[in-house]
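Top to bottom, those sequences are chains A and B. Numbering-wise (our numbering), the first sequence opens with residue 1 and increments by one. Numbering-wise (our numbering), the second sequence opens with residue 1 and increments by one.
Note that these hints are calculated values from the structure, not bench results. Just so it is clear, CB atoms sit at the ideal spot from N, CA and C, and this is done for glycine as well. Be aware that a few hints might be false.
What the hints assert, rightly or not - Here are the simulated SDA-like pairs of lysine to any residue, each with C-alpha atoms no more than 20 Å apart in a straight line:
(1) Lys23/A with Lys170/B
(2) Lys23/A with Val55/A
(3) Lys23/A with Leu152/A
(4) Lys170/B with Thr141/A
(5) Lys131/A with Gly62/B
Claimed, not checked - Going by beta-carbon spacing under 8 Å, a handful of chain B positions derived as facing chain A:
(6) Ala6
(7) Val32
(8) Tyr41
(9) Leu80
(10) Met93
(11) Arg96
(12) Tyr111
(13) Phe140
(14) Ala147
(15) Glu149
2 protein chains.
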Amino acid sequence: MSLRHALLGLLSEGPASGYDLLKLFDNSLANVWPATQSQLYGELGRLADAGLITVRSEGARGRKEYAVTDDGRAELRHWLLNVPPTPIRRYDMLLRVFFFGQISPDDAIAYLREQQQAAAAEGERLAEVGKMIEPHQDNFTVYGRLALEWGLRSNRLHQEWAEWAIGEVKAHDPAADPGPC
Amino acid sequence: MSLRHALLGLLSEGPASGYDLLKLFDNSLANVWPATQSQLYGELGRLADAGLITVRSEGARGRKEYAVTDDGRAELRHWLLNVPPTPIRRYDMLLRVFFFGQISPDDAIAYLREQQQAAAAEGERLAEVGKMIEPHQDNFTVYGRLALEWGLRSNRLHQEWAEWAIGEVKAHDPAADPGPC
DNA sequence: CTCTGACATTCCTATAGTGACATGTCGAAG
DNA sequence: CTTCGACATGTCACTATAGGAATGTCAGAG
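With the hints as constraints, model all of the structure from the sequences given.
Here it is in structure tokens:
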């Protein structure tokens, strides 16, 4: 239920409407916790029911501006400090690796190269994001930068691992793809 | 729907019952794609309905031994080579980082240290797994080792990033936790 | 004044995953 | 011969997420 706390976190920086939150989400948190509009509005309703946020005012076009309550702030704090993060468990890219025995070493190597390139592309995207957020100095960007750095490092890891794995596959089947030697 | 293909992959190495597969799963694939027994049996039924696997024999205690069909093998191959892996998007550990502004720098640093320790513990667990699989030489272990290496590297990344992030938080708020200097 | 695009919310269906529960068989130890 | 643990399959209720459809309001451009 991290969406709940993501919303509490966003609202902790100041009141906003569902629409505002959706944009904030896409601009900042989407890289670590994407959410759709339907999820977001649903969760806002539930948060309001639970008393963790309140409708502080209703504006034009049915706009409801939500603000976090003291209970909400406490809940956010509790989640931040006392709820252990859920580890990442599923990664179907690695699942595929287990079944390399079902394809030829050449195909396996091609797969790994693709992964490497995909990681490189993603790395560039993240570097762009880094440039975009450069000027701002609010809390989100200061700490968001930590998350961004994780992404960049994770990306390099991906590329280096693929490189290494290609070597391993070749070592295991020396006939495969001797490359342009 | 990776579970589907995980099962096809396992069955490609040889026929097995749901019970067998459950154990295989926990011993090899659980680290990259965990599944519960209820999911597994449900998926086996659906795979059989779709003609991707067949019940090759029924044994004692209602045991059904499944084997992959040609269609199943083709589907596995297609998934391996032509379906782009789904990127990892959600990581609530990083989501929390965005909200560090809501807690004190000291608390943030304590959080990061915990993450570092958790990663270290997980790293040791993976190293154990590595020792356990050492002797075998079947396809799964040969290629599973590639996945294991990813885990080990990912783990080191986690620790190093946490180290770095602690430094960043200190730099951003020099008053916090000057440490035993 | 009318149209368009941004603003704003709500509802719907489908799929995946979790965890507990229900049901039963068989072999071996006592 | 009984009971216990491993073997074995299945169902159920619940939650999370995805993704899209339906509905409507308001401000500003022309």
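Check your understanding: Can the hint on methionine 93/B be confirmed by a CB-to-CB distance to chain A that is less than 8 Å?
Key -> Since chain A brings a Cβ to about 4 Å from methionine 93/B, closer than 8 Å, the hint holds.
Check your understanding: Can we keep the tyrosine 41/B interface hint, with Cβ of chain A closer than 8 Å?
Key -> Not OK, violated: tyrosine 41/B not within 8 Å of chain A, min 19 Å.
Review point. With a cut-off of 8 Å, does the beta carbon of arginine 96/B approach a beta carbon of chain A closely enough for the hint to hold?
Key: 5 Å, holds
Exercise for review: Verify the interface restraint on alanine 147/B: the C-beta must sit less than 8 Å from at least one C-beta of chain A.
Suggested key: Hint holds; alanine 147/B Cβ to chain A Cβ min 4 Å, cut 8 Å.
**Study point:** Interface hint compliance - phenylalanine 140/B to chain A, C-beta minimum distance less than 8 Å
**Key:** 6 Å, holds
Practice item. Decide if the proposed pair is consistent with the structure: lysine 23/A and lysine 170/B, CA atoms, cutoff 20 Å inclusive. Key: 30 Å, violated
Check your understanding: Taking 20 Å as the top limit, are the C-alpha atoms of lysine 23/A and leucine 152/A close enough?
Key -> 23 Å, violated
**Study point:** Evaluation of the interface hint that places tyrosine 111/B against chain A, nearest CB under 8 Å
**Key:** 7 Å, holds
**Study point:** Given hint alanine 6/B near chain A, where the shortest CB pair must fall under 8 Å
**Key:** Since the shortest Cβ distance to chain A is 6 Å, the answer is holds.
Practice item. Take the C-alpha atoms of lysine 131/A and glycine 62/B, compute the straight-line distance between them, and say whether it is at most 20 Å. Key: 61 Å, violated
Practice item. Could you check if glutamate 149/B really has its C-beta closer than 8 Å to a C-beta on chain A? Key: 7 Å, holds
Practice item. Identify whether the interface hint at leucine 80/B stands, where standing means a beta carbon of chain A within less than 8 Å of its own. Key: OK, holds: leucine 80/B within 8 Å of chain A, min 5 Å.
Hints 1, 3, 5, 8 from the list above are not met by this structure, while the remaining hints are.
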